[in-house]
Amino acid sequence: MAEVLVVVEHSAGAVKKVTLEMLTLARSLGEPSAVVLGAPGVAAALTDKLGEYGATKVYAAESSDVDGHLVAPKAAVLASLIGEVQPAAVLLGSTQEGKEIAGRLAVKLDNGLLTDVTDLAADGTATQVVFAGSTIVKSKVTRGLPLVTVRPNSLTPSPAPATPQVSTVDVSVPDSAKLARITDRVAEAKGARPELSEASVVVSGGRGVGSADNFKLVEELADLLGGAVGASRAATDSGFYPHQFQVGQTGKTVSPQLYIALGISGAIQHRAGMQTSKTIVAVNKDAEAPIFELADFGVVGDLFKVIPQAAEELRKRK
Amino acid sequence: MKIVVLVKQVPDSGVERTLRTDDNTIDRGSANNVINEMDEYAIEEALRLREANGGEVTILTMGPDKAAESIRKALSMGPDGAVHVVDDALRGSCAVATSKVLAAALGRLSPDLILCGAEATDGRVQVMPHMLAERLEIAALTGARKLTVEGSTLTIERQTDEGYEVVTADTPAVVSVWDTINEPRYPSFKGIMEAKKKPVETLALADLGIDAGEVGSAGATSAVLEHSRRPVRHGGTKVTDDGDGGVKLVEFLASEKFV
Numbered sequence: 001m002a003e004v005l006v007v008v009e010h011s012a013g014a015v016k017k018v019t020l021e022m023l024t025l026a027r028s029l030g031e032p033s034a035v036v037l038g039a040p041g042v043a044a045a046l047t048d049k050l051g052e053y054g055a056t057k058v059y060a061a062e063s064s065d066v067d068g069h070l071v072a073p074k075a076a077v078l079a080s081l082i083g084e085v086q087p088a089a090v091l092l093g094s095t096q097e098g099k100e101i102a103g104r105l106a107v108k109l110d111n112g113l114l115t116d117v118t119d120l121a122a123d124g125t126a127t128q129v130v131f132a133g134s135t136i137v138k139s140k141v142t143r144g145l146p147l148v149t150v151r152p153n154s155l156t157p158s159p160a161p162a163t164p165q166v167s168t169v170d171v172s173v174p175d176s177a178k179l180a181r182i183t184d185r186v187a188e189a190k191g192a193r194p195e196l197s198e199a200s201v202v203v204s205g206g207r208g209v210g211s212a213d214n215f216k217l218v219e220e221l222a223d224l225l226g227g228a229v230g231a232s233r234a235a236t237d238s239g240f241y242p243h244q245f246q247v248g249q250t251g252k253t254v255s256p257q258l259y260i261a262l263g264i265s266g267a268i269q270h271r272a273g274m275q276t277s278k279t280i281v282a283v284n285k286d287a288e289a290p291i292f293e294l295a296d297f298g299v300v301g302d303l304f305k306v307i308p309q310a311a312e313e314l315r316k317r318k
Numbered sequence: 001m002k003i004v005v006l007v008k009q010v011p012d013s014g015v016e017r018t019l020r021t022d023d024n025t026i027d028r029g030s031a032n033n034v035i036n037e038m039d040e041y042a043i044e045e046a047l048r049l050r051e052a053n054g055g056e057v058t059i060l061t062m063g064p065d066k067a068a069e070s071i072r073k074a075l076s077m078g079p080d081g082a083v084h085v086v087d088d089a090l091r092g093s094c095a096v097a098t099s100k101v102l103a104a105a106l107g108r109l110s111p112d113l114i115l116c117g118a119e120a121t122d123g124r125v126q127v128m129p130h131m132l133a134e135r136l137e138i139a140a141l142t143g144a145r146k147l148t149v150e151g152s153t154l155t156i157e158r159q160t161d162e163g164y165e166v167v168t169a170d171t172p173a174v175v176s177v178w179d180t181i182n183e184p185r186y187p188s189f190k191g192i193m194e195a196k197k198k199p200v201e202t203l204a205l206a207d208l209g210i211d212a213g214e215v216g217s218a219g220a221t222s223a224v225l226e227h228s229r230r231p232v233r234h235g236g237t238k239v240t241d242d243g244d245g246g247v248k249l250v251e252f253l254a255s256e257k258f259v
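Protein chains in written order, with our numbering: chain A, 1 to 318; chain B, 1 to 259.
Among the hints, erroneous ones may be present.
Calculated cross-link-like contacts (lysine-lysine; reagent style DSBU-like; alpha-carbon spacing at most 35 angstroms) [unchecked claim]:
| hint | chain 1 | residue 1 | chain 2 | residue 2 |
| --- | --- | --- | --- | --- |
| 1 | A | Lys108 | A | Lys178 |
| 2 | A | Lys305 | B | Lys238 |
| 3 | B | Lys2 | B | Lys248 |
| 4 | B | Lys146 | A | Lys216 |
| 5 | B | Lys248 | A | Lys305 |
The hints are simulated quantities; they were obtained by calculation from the structure and are not laboratory data. Predicted model, so just to flag it, every value in this text is computed and none were measured.
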């Protein structure tokens with residue numbers, strides 16, 4: 001079977017969930033090979049996890065050039081690896097970085113690309129959900145190999161243990177790929193909550209939450225459910241919660257098992273970021289709020305009464 | 001500093017959007033077409049740089065005749081002029097072909113800085129800045145929430161899942177911006193009047209030395225095979241809080257095995 005390259009997303013020495021999802025998908029298409037791009041020494045810590053989800057090979061492309069610049073060096077390394085391996089398909093995460101690498105690869109290889117893919121069939125037919133989750137599209141790369149970015153939380157990862165053979169990839173990055181230098185990385189406190197785009201539970205607050213201080217309620221409910229916290233644009237624009245947690249058209253797209261919308265009316269731009277969630281719960285004082293058209297369960301009421309009571313009930317049941 | 005801002009006309013993301021049933025392309029005929037919202041932040045950033053450092057700001061748009069409306073709207077915010085790449089053969093162009101056309105147009109303009117929105121609200125593909133950088137062999141600084149220019153050095157801050165990165169490059173470069181970077185101005189009456197007289201150069205594929213077969217549906221590197229409406233979600237149970245709304249909510253979560 002032909003190799004399927006999975007470009008590993010990792011952070012702080014751990015494999016991100018979308019990578020496990022991609023390995024699971026890759027197994028239905030061919031032999032999954034994981035490609036680790038990063039600083040020297042980064043691959044060793046990831047190999048076991050990649051093997052657990054079926055990677056039969058791990059290509060380690062480690063270099064400070066890869067780590068110290070925006071995506072151009074990664075695309076350069078991948079382009080030569082693709083030329084060597086001639087894979088059946090290349091999968092990347094549908095994240096800002098994954099899409100950017102894919103875009104450069106598409107130009108380098110004069111190859112089509114498909115982003116935000118939720119499924120890929122063995123014949124190369126990809127499924128995408130577009131326009132605020134309202135339309136399903138089946139599409140295909142018609143020039144070159146299937147080069148796709150896979151939307152996080154599109155499938156459930158399942159283990160299939162393999163013992164990967166690790167090979168080191170020679171990293172030679174041309175100067176033209178080293179133009180955008182990362183001079184600093186500043187960590188911002190994010191606590192123990194799961195990452196928004198990967199979380200299986202997301203609790204979001206909107207304008208109805210009313211203030212930054214009141215977002216503690218949203219956080220409390222999220223923590224009781226082991227979820228991530230999100231916010232509508234109205235909430236981030238009002239300064240209630242930081243912008244990186246914005247869910248919607250101009251923010252993150254999430255597709256968790258459970259999405260709870262608190263004080264969010266459900267404008268189409270917000271729905272764009274959460275409409276494909278499996279189960280949706282809403283609390284809003286306006287019975288006519290459009291969010292209720294999507295919600296599997298809705299409570300019309302004051303969230304400052306409903307949420308503390310729900311939190312209390314959850315604590316009781318623990 | 002010579003700045004080019006990429007502006008795309010898109011169907012309004014605030015209303016229902018559809019694909020055409022005949023060829024699976026975006027139905028631009030029935031849609032209310034507007035400037036891609038994120039591009040307004042790029043225009044604003046360009047105008048601020050011009051106010052601080054002098055120079056000129058040019059809008060570059062690829063799109064059908066109708067896109068001229070969005071170009072005038074963009075010009076009413078204050079840019080000096082525009083270039084509109086318009087050609088029937090461009091219909092149905094994929095991202096790879098679009099980048100080829102825009103890169104050719106940018107090659108004629110040779111700007112110091114190319115600014116664009118971080119994504120278009122129709123495709124949400126986010127690849128154009130890096131595709132252009134790849135073709136033009138210049139730097140791409142993407143997803144900026146802050147941009148600083150000192151001489152020929154550009155520095156951005158970009159949000160990551162862990163915090164933010166500081167990234168720097170020399171001009172020429174392409175910089176894409178998120179809506180956190182500034183607050184776009186509203187066009188003034190004077191701006192709207194002046195926009196009518198500002199120069200808009202139109203370019204066809206032949207002017208860019210690109211063959212019609214390389215772009216549009218004919219030259220596309222990917223194809224939409226079919227599309228369908230996603231099953232409409234129907235609201236489920238809706239209860240009014242009578243003092244036990246929180247408990248009912250948790251009971252629902254329990255029935256769905258979330259607790």
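Next item on the list: Decide if the proposed pair is consistent with the structure: Lys108/A and Lys178/A, CA atoms, cutoff 35 angstroms inclusive.
Entry: holds, 16 angstroms
Checklist line | Lys146/B paired with Lys216/A [C-alpha distance capped at 35 angstroms] | finding: holds, 28 angstroms
Item checked: Hinted pair Lys248/B and Lys305/A, Cα distance within 35 angstroms -> holds, 13 angstroms
Check: Taking 35 angstroms as the top limit, are the C-alpha atoms of Lys2/B and Lys248/B close enough?
Finding: Violated, at roughly 60 angstroms.
Margin query: Need the status of pair Lys305/A, Lys238/B: alpha-carbon distance at most 35 angstroms?
Written below: holds, 17 angstroms
Violated hints amount to a single one, hint 3; each of the other numbered hints is respected by the structure.
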